Structures are given as structure tokens and as C-alpha cells.
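Undergrad: What follows is each chain in one-letter form.
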Amino acid sequence: MAKLPVQFRLNGSDRAGFVDPAGNLLDLLRRGLGDFAPKYGCGQGTCGVCTVLVDGEPQLSCLTLAISCDGRQIETASGMADGPNLHPLQQAFMDNFAAQCGFCTPGMLTAARALLARNPNPTRDEVVEAISGNICRCTGYEPIIAAILAAAAGGAGMRRA
Amino acid sequence: MLEMRKEIFADERDDNLNVVGKGVQRQDMPGHVTARTRFFDDHAFDGLLHLKVVRSPHHHARIRSIDVSAAERAPGVKRVLRGADVPVNKNTLLSLINFGKDDEPTLAVDKVRYKGEPVVAIIADSDAAALAARKLVRIDYEPLSPVFDVEEALKPGAPVVNETYPGNYFEYHQRFDHQKLRFGDVERAFTQADHVVEHRYQMSPIEHAPTETNGSIAAPEHNDRYVVHTCAQGLFFSLGTTAKIVDLESNRLHFIGGTVGGGFGGKVDSLSEPLAVLGAMLTAKPVRYVLDREEEMLYGSPRGAERIYVKDGVMRDGRIIARYIRSYFDAGAYTRLSSYAAIKCTAHVPGPYSIPNVASDIYVAYTNRCPSTAMRGFGVTAVDFALEVQMDRLAEAVNMDPMEFRILNAYRDGDMKAHRRVAKNTALVECVQVAAEKANWPISEQARRASSLTEGGGERGQIPATPLDQRGQIGRPESRNAPATQTLPASTTRIPLSKQPIFEGARDARPTPVQVPRYEAPPRYDPAIAPPPPQPAHQPVSAPPAPPPPAAPAQPQHGAVRFSSVFGTRRR
Numbered sequence: 001m002a003k004l005p006v007q008f009r010l011n012g013s014d015r016a017g018f019v020d021p022a023g024n025l026l027d028l029l030r031r032g033l034g035d036f037a038p039k040y041g042c043g044q045g046t047c048g049v050c051t052v053l054v055d056g057e058p059q060l061s062c063l064t065l066a067i068s069c070d071g072r073q074i075e076t077a078s079g080m081a082d083g084p085n086l087h088p089l090q091q092a093f094m095d096n097f098a099a100q101c102g103f104c105t106p107g108m109l110t111a112a113r114a115l116l117a118r119n120p121n122p123t124r125d126e127v128v129e130a131i132s133g134n135i136c137r138c139t140g141y142e143p144i145i146a147a148i149l150a151a152a153a154g155g156a157g158m159r160r161a
Numbered sequence: 001m002l003e004m005r006k007e008i009f010a011d012e013r014d015d016n017l018n019v020v021g022k023g024v025q026r027q028d029m030p031g032h033v034t035a036r037t038r039f040f041d042d043h044a045f046d047g048l049l050h051l052k053v054v055r056s057p058h059h060h061a062r063i064r065s066i067d068v069s070a071a072e073r074a075p076g077v078k079r080v081l082r083g084a085d086v087p088v089n090k091n092t093l094l095s096l097i098n099f100g101k102d103d104e105p106t107l108a109v110d111k112v113r114y115k116g117e118p119v120v121a122i123i124a125d126s127d128a129a130a131l132a133a134r135k136l137v138r139i140d141y142e143p144l145s146p147v148f149d150v151e152e153a154l155k156p157g158a159p160v161v162n163e164t165y166p167g168n169y170f171e172y173h174q175r176f177d178h179q180k181l182r183f184g185d186v187e188r189a190f191t192q193a194d195h196v197v198e199h200r201y202q203m204s205p206i207e208h209a210p211t212e213t214n215g216s217i218a219a220p221e222h223n224d225r226y227v228v229h230t231c232a233q234g235l236f237f238s239l240g241t242t243a244k245i246v247d248l249e250s251n252r253l254h255f256i257g258g259t260v261g262g263g264f265g266g267k268v269d270s271l272s273e274p275l276a277v278l279g280a281m282l283t284a285k286p287v288r289y290v291l292d293r294e295e296e297m298l299y300g301s302p303r304g305a306e307r308i309y310v311k312d313g314v315m316r317d318g319r320i321i322a323r324y325i326r327s328y329f330d331a332g333a334y335t336r337l338s339s340y341a342a343i344k345c346t347a348h349v350p351g352p353y354s355i356p357n358v359a360s361d362i363y364v365a366y367t368n369r370c371p372s373t374a375m376r377g378f379g380v381t382a383v384d385f386a387l388e389v390q391m392d393r394l395a396e397a398v399n400m401d402p403m404e405f406r407i408l409n410a411y412r413d414g415d416m417k418a419h420r421r422v423a424k425n426t427a428l429v430e431c432v433q434v435a436a437e438k439a440n441w442p443i444s445e446q447a448r449r450a451s452s453l454t455e456g457g458g459e460r461g462q463i464p465a466t467p468l469d470q471r472g473q474i475g476r477p478e479s480r481n482a483p484a485t486q487t488l489p490a491s492t493t494r495i496p497l498s499k500q501p502i503f504e505g506a507r508d509a510r511p512t513p514v515q516v517p518r519y520e521a522p523p524r525y526d527p528a529i530a531p532p533p534p535q536p537a538h539q540p541v542s543a544p545p546a547p548p549p550p551a552a553p554a555q556p557q558h559g560a561v562r563f564s565s566v567f568g569t570r571r572r
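Chains as they are written, first to last, in our numbering: chain Z, 1 to 161; chain F, 1 to 572.
Isolated chain Z (complex conformation) (with noise of 0.2 Å):
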């Protein structure tokens, strides 16, 4: 079948590829475009691990037609740091000990920034509203929940002595 092209930016860089019609933009990104930060976990949106933002707005990439995606804006958690600075919710799952195997994380880190880029004073249960999609299968959810309410308060309490 006859591929075809498609272009985008990726953490804001200009990407294109050539993908199957059917293709879901988790494989385009992993084997395409070589950004692993989106993970395959299920196939079938339920675990959440291949979340990214397009235009801003959280999607399961594995569900995401690939095409569908032509001329918007991707981030992945890849793209979340400012070169060696960590953005403030990477730095607080590293001060909360947010992950444990770390195949959720990205994932995670997306829906949080999602959260807060339309809410950034969310309460507990709206954190958890937000990861509500996303599995971890390690059960760290508390420090997630702690790490992401400190990147809401905007460093208070993040460091640990």
C-alpha cells in the first residue's frame, strides 16, 4: 500500500515521514521518527504509556491515526526538558522519587503538564482525575500525586532535606 507523507513539528522541531494510512502515530514517533519517549503498553488505550500532546491536548498515540496528525504540534516527554534544566515537574518527580521503573513516567509527565498548562492550581483530585488514564503498574501513585501538586506550588516544598 502506498505510503504517505506526513509533517509536523516534535518538541518543536520540524519532522516528517512517510506512514502506512492506517498507521497510529505511537509507531511513527518510536520507529519513524526515533523518539522513544512514548511507550507501547497495550495497543488498545488503556494503560496510557504512549501519551503525548497534540496541539496542546493530551492523546494516546497508539489510537492516533498517524496522518491525522499532519501540520499540528507534538510534545513528548522527551521534549519537556530546557536543555540540561529540567522542566519543574521532572525536577519534582526526581525530589518525590515519582518513579519506580519508570515506563509510566513519561507518559505521566505528559498528562501532568497537560493538567497544569489549563490548571495550575489543581486540587489532590483533580491530580488524580488528570492520571486517571495512566497505569502504573509499580503502584507508586502517591509520590506522582505528591510530586505533581509540588510542581503546582511552584517548588515549595519540593526540595527534601
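Careful, some of the hints might be misleading.
Heads up, simulated SDA-like pairs for lysine to any residue below, C-alpha to C-alpha not over 20 Å straight-line [said to hold, decoys possible]:
no.	chain 1	residue 1	chain 2	residue 2
1	Z	Lys3	F	Asp125
2	F	Lys180	F	Pro489
3	F	Lys285	Z	Gly32
4	F	Lys344	F	Gln202
5	Z	Lys3	F	Asp46
6	Z	Lys3	F	Asp127
7	F	Lys180	F	Arg307
8	Z	Lys3	F	Ala129
9	F	Lys22	Z	Gln100
10	F	Lys22	Z	Met94
11	F	Lys285	F	His43
12	F	Lys22	Z	Pro143
13	F	Lys285	Z	Arg31
14	F	Lys344	F	Ser95
15	F	Lys180	F	Pro467
16	Z	Lys3	F	Pro75
17	F	Lys22	Z	Arg31
18	Z	Lys3	F	Ser126
Not the full set, but computed from the structure, chain Z residues with beta-carbon under 7 Å of chain F [stated by the list, open to error]:
no.	residue
19	Phe36
20	Ala37
21	Gly41
22	Cys42
23	Val49
24	Ser78
25	Pro88
26	Gln90
27	Met94
28	Ala99
29	Gly102
30	Phe103
31	Pro106
32	Tyr141
In silico negatives: residues of chain Z with every beta carbon more than 12 Å from chain F [as the list claims (entries may be wrong)]:
no.	residue
33	Arg9
34	Gly12
35	Thr64
36	Ile145
Bear in mind the hints are in silico, worked out from the structure with no lab data behind them. It should be emphasised that the depicted structure is a prediction, and the values quoted were computed from it without experimental measurement. Where a beta carbon is used, it is the ideal one built from N, C-alpha and C, also for glycine.
Use these hints to put chain F onto chain Z, whose structure you have.
TA: Below, chain F without anything else, positioned relative to chain Z:
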């Protein structure tokens, strides 16, 4: 903050620790939060091929024929693998430590023994092409009657699941169909007990469900080796297993791992590495074999289900005087690690309680279910659940507070354990006291004053006279209720056990076991038979060899000495 009760754990660990008890950043955390951590699938390869397996739709069936011709001609397919393509197509994981017989093929040949068992592997240039070709493989099965229940499987006349173990049980010491523990005389103690309480406990299989599914990528390297990026939890365990199955020297395998996207025990089985490496060997291309979520949930090996019967004799004052445990591990169709789980379970019986008469019979039974494997304290967690529920029921039977009941029966230092080792550094008494305090659970003054350091030893430190029996001889179900054969005198630490198999040949009208040749490692380089290196014509006068450096002084040994439950040896 961590508190170490040195009065209890005097020699349990050093105090000059730099990290324990402090908040220290993990070295892998920067990689995790920046998404730079590379899991096995996060590696790009040019010309990557994808491997998918055709799985059995039957729980138990004979394979009459396999036709892969259409699949081989399908677009994008590079290679189709069958059992005959696997160099050593029979393995058991613990063969690396010479424990158990090879019983599991990488790709099924004559028979499938569980639903989801791999039969054919297809390597294609895309996932989609491999999946499409998978539908073109024609396998003619003759369904056989399956057995799903552990106790049914052990009855005479049950369908034979795994011909390597024709009695449907793992064979311990080439003598017994189960793992035994005998300490004191439980039968006599039951007749003396005020109450005898017996209950049945049944666990379910549990899937680990890691967020990252099982998988690996194998690729030829420039130096005639194969690099393998893998999720394996035991990297060298997996390397050894793969080297055996694909029949390569292990130094031609370069395993890279250590970043596991959730394991919990479900990534110790080397489910993907042997086929990925074999694919790379036969295609000379990088080959990726990853389970999808459905395969992970349905066919990734789970925690084995256990059925546990606990029978206790307890006195009116709350002392447990006898405990007998009969347990059945559901191994599924192949051994994997269940044989080891049953040993761990036996080593854990009777729980942290001082009981003068203890016996257990722990069976590993084969059924036509997905093979089970390691998961978080397998062999221990389930029996602990059963024992602690049983403890509550016993406390109820004698009208005692469950916390005080545990304190009364807990090990004290100096008590003799059922395994004929003296209990040391015991702390259950203190643990229950702290739990009661934190939970505002009122306990009596006497229970509050109890200590692991007192009341132990003495008569409780003695090994009682122990009747021995030959119950559960391999292939003789009628021996299961055989009477005791002899009584081992008190204070005997070792039970004499012949290494000779006690039973060979026909086994209650079932077929004799399939003799599986043990894997022989490829011949090693031997300097004695290798040609000598060329010698220079002129031998320079060499200085006398330097004396060997003085032996380093022995390092003082710290920390607890551990006990290897497989070999019975001590290691640090």
C-alpha cells in the same frame, strides 16, 4: 524513619551504613524523568524484522501436521520457524543449576499442553506482515482431554500432561512425588489435642501485568556475537538459558538489560530471547519479538495457583501442638520455577511459630494450564495467607485474642525449627506488640511483657523423635497412606536419604518417563590438547618468577548468613 532494634537484631547488620535510612537520589531517576532511559524496545535498528508466534488454540492436543507453506510465501515473510529449527528444543529453566529434567520445548513439536503454547514462529519485515502470515499457518490438531485441577491431575488414570513427568507431579530426589517435611509425631499429637481445626485454602493464578510487555531484540554484532536488548529480570540467567537453547557459546551472546518496565517475577522465564536470537542467527538481521498485551495477559506465565490444606491441633490454653500442611502447586504444563516454589514453601512451614510436631507434603502438579512462574515471594505468600487466616480461626476456637495468640505461639530465640535449625534473631513477639500498640489494640500485660529473648530454647530447642514414612513414592499412589516405616530417635539432625532412585520402570500403568538427554555443553578449550603456542627460537634468560603476593587477610564477615533452600548450603 527506619529504626533498628539492636537488642533484637544484634548481629543482623552493620551500623556503619551510609545510605540505608536516608533519602538518596536514585542513579536511574534522571533517565526516567527525561525519557532517556532505554528500555529493551527503545533501540533503533535498520532492517528490523518482527517475530510473531502461532499459539495453540487447544488446552491439550496432539499435533497431527503443520503446514507453513502458505505462510512462507506470504508478502514480507523472511523465515518461518518450527520446533525442528530450534537446536536444543527442550529445556527447563533450573537446568542451569542441574535441578529437574528438561521438559519444555521452545516451539511445540508433537503435542500442545496448554492454550497459548507457541508452535510456529514467523519472522517478517513488519508486525502487520507477520500477523497476516500467522493466519496462513495450518495446524491439524487432535484434541486430547485436558486436566485443570491439581488433585484430579494426581489421581491414577488422569491424562498425562507432560510426558517428562508421567505422574503429573515433579519428582523430588528421584524418590518422592512431593517435597516432604517431618518433625515430631503429628498423628499422635492430633489425638492429644483439645481441638483439631482443618481448613482448605485456594489461591488463584495472578498475572504480573507489567506495563512493559515481555520482549527482546536480538541483532548480529560486528564481532560475530549477537547483541540482545531484553527485559529479562535475570540477565545472566536468561543468557545461559538462551545459549543452551540456540546452542551457542555464551560468550557469543551480549545481553543488555537492567531497565525492566515492571517485572514482579514475570520476566525471569526467557520467554522471548531464545527465539529472537535464533531469528537473528537464521536471518542475519535484527529480530524483535515482543508480546502484545493480549499475549502478556493470557500466556505470560502467572503466579501459580496453590491449594493448601492446613490441619492444626491446639490446646485449650492456646498452644499449638501439631500442624500438618498438604499443598498443591499448580505448575501448569511445564515446571519452570514451580519445583523451587515448593521447596521455598516447605522451608517456610509452619510459619514463624514454635510447634513441636510439624509435617508437610507439598506437591507440584502439572495441569493443562499456562505454566506458572516466579512472582513476589512465590511459594511463601500464599502459604502465609493460609497460615495467618488459620491462626485467626485457631484463636477463635480457643477463645483467645488473635494478637495474644500469636505472641503465645511465636518463635523465641533458641527454639528448634521444624527444619532442624535453631531459631535466631526472632522478632515476631515484638512485631506483634508494636502492631498492637500502633493499632490501639489492647493486649494483656502478660503479652506486653513477652520477649523473643526469653522462654526459648531448653525443651523447645530439642529435636523430637520423628516417625518416617515412604509415602508418596514415585509412581505408587497406593503408597500415599502407607504406615510409618521407622522412628528417627530424638536429636537426629539429618534424615538419611539414599540418592538411589527407589522406583524405575512401569508406573501404575502409565508410560515410563521420556528419557530426555541432559544438555551437554560444547567442548571447552583445553590447553592440554590444543597445539602449543609457537615458541621463540631463542629463549631469553628470564628472571625467576616473582613470589606470589601474600594472601589478603580474610575480610571480617558481617551481616546475616543465608540458607540456600535448593542446595541446603549456606551462602552469604
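Undergrad: Confirm or reject each hint.
TA: Hint check:
1. Lys3/Z - Asp125/F: Distance of about 16 Å is within 20 Å: holds.
2. Lys180/F - Pro489/F: holds (18 Å)
3. Lys285/F - Gly32/Z: Answer holds: Lys285/F to Gly32/Z is near 18 Å, not above 20 Å.
4. Lys344/F - Gln202/F: holds (18 Å)
5. Lys3/Z - Asp46/F: Measuring from Cα to Cα gives roughly 18 Å; hence the hint holds.
6. Lys3/Z - Asp127/F: Distance of about 16 Å is within 20 Å: holds.
7. Lys180/F - Arg307/F: Roughly 16 Å separates the two Cα atoms, so the pair holds.
8. Lys3/Z - Ala129/F: holds (15 Å)
9. Lys22/F - Gln100/Z: Cα-Cα ~17 Å, so holds.
10. Lys22/F - Met94/Z: holds (15 Å)
11. Lys285/F - His43/F: holds (14 Å)
12. Lys22/F - Pro143/Z: holds (17 Å)
13. Lys285/F - Arg31/Z: holds (16 Å)
14. Lys344/F - Ser95/F: holds (18 Å)
15. Lys180/F - Pro467/F: holds (13 Å)
16. Lys3/Z - Pro75/F: It holds: about 16 Å lies between the C-alpha atoms, which stays within 20 Å.
17. Lys22/F - Arg31/Z: violated (41 Å)
18. Lys3/Z - Ser126/F: holds (14 Å)
19. Phe36: holds (4 Å)
20. Ala37: For Ala37/Z, the interface hint holds, since the closest Cβ of chain F sits about 4 Å away, which is under 7 Å.
21. Gly41: holds (5 Å)
22. Cys42: Interface hint status for Cys42/Z: holds (4 Å vs cutoff 7 Å).
23. Val49: holds (6 Å)
24. Ser78: holds (5 Å)
25. Pro88: violated (11 Å)
26. Gln90: Holds - the Cβ of Gln90/Z comes within 7 Å of chain F, reaching about 4 Å at its closest.
27. Met94: It holds, given that the least Cβ distance between Met94/Z and chain F is near 5 Å, below 7 Å.
28. Ala99: holds (4 Å)
29. Gly102: holds (3 Å)
30. Phe103: holds (3 Å)
31. Pro106: This interface hint holds because 4 Å falls under the 7 Å limit.
32. Tyr141: violated (13 Å)
33. Arg9: Given that every Cβ of chain F is farther than 12 Å from that of Arg9/Z, nearest at about 18 Å, it holds.
34. Gly12: holds (15 Å)
35. Thr64: holds (17 Å)
36. Ile145: Holds: least Cβ distance 16 Å, greater than 12 Å.
Going through the hint list in order, the structure does not satisfy hints 17, 25, 32.
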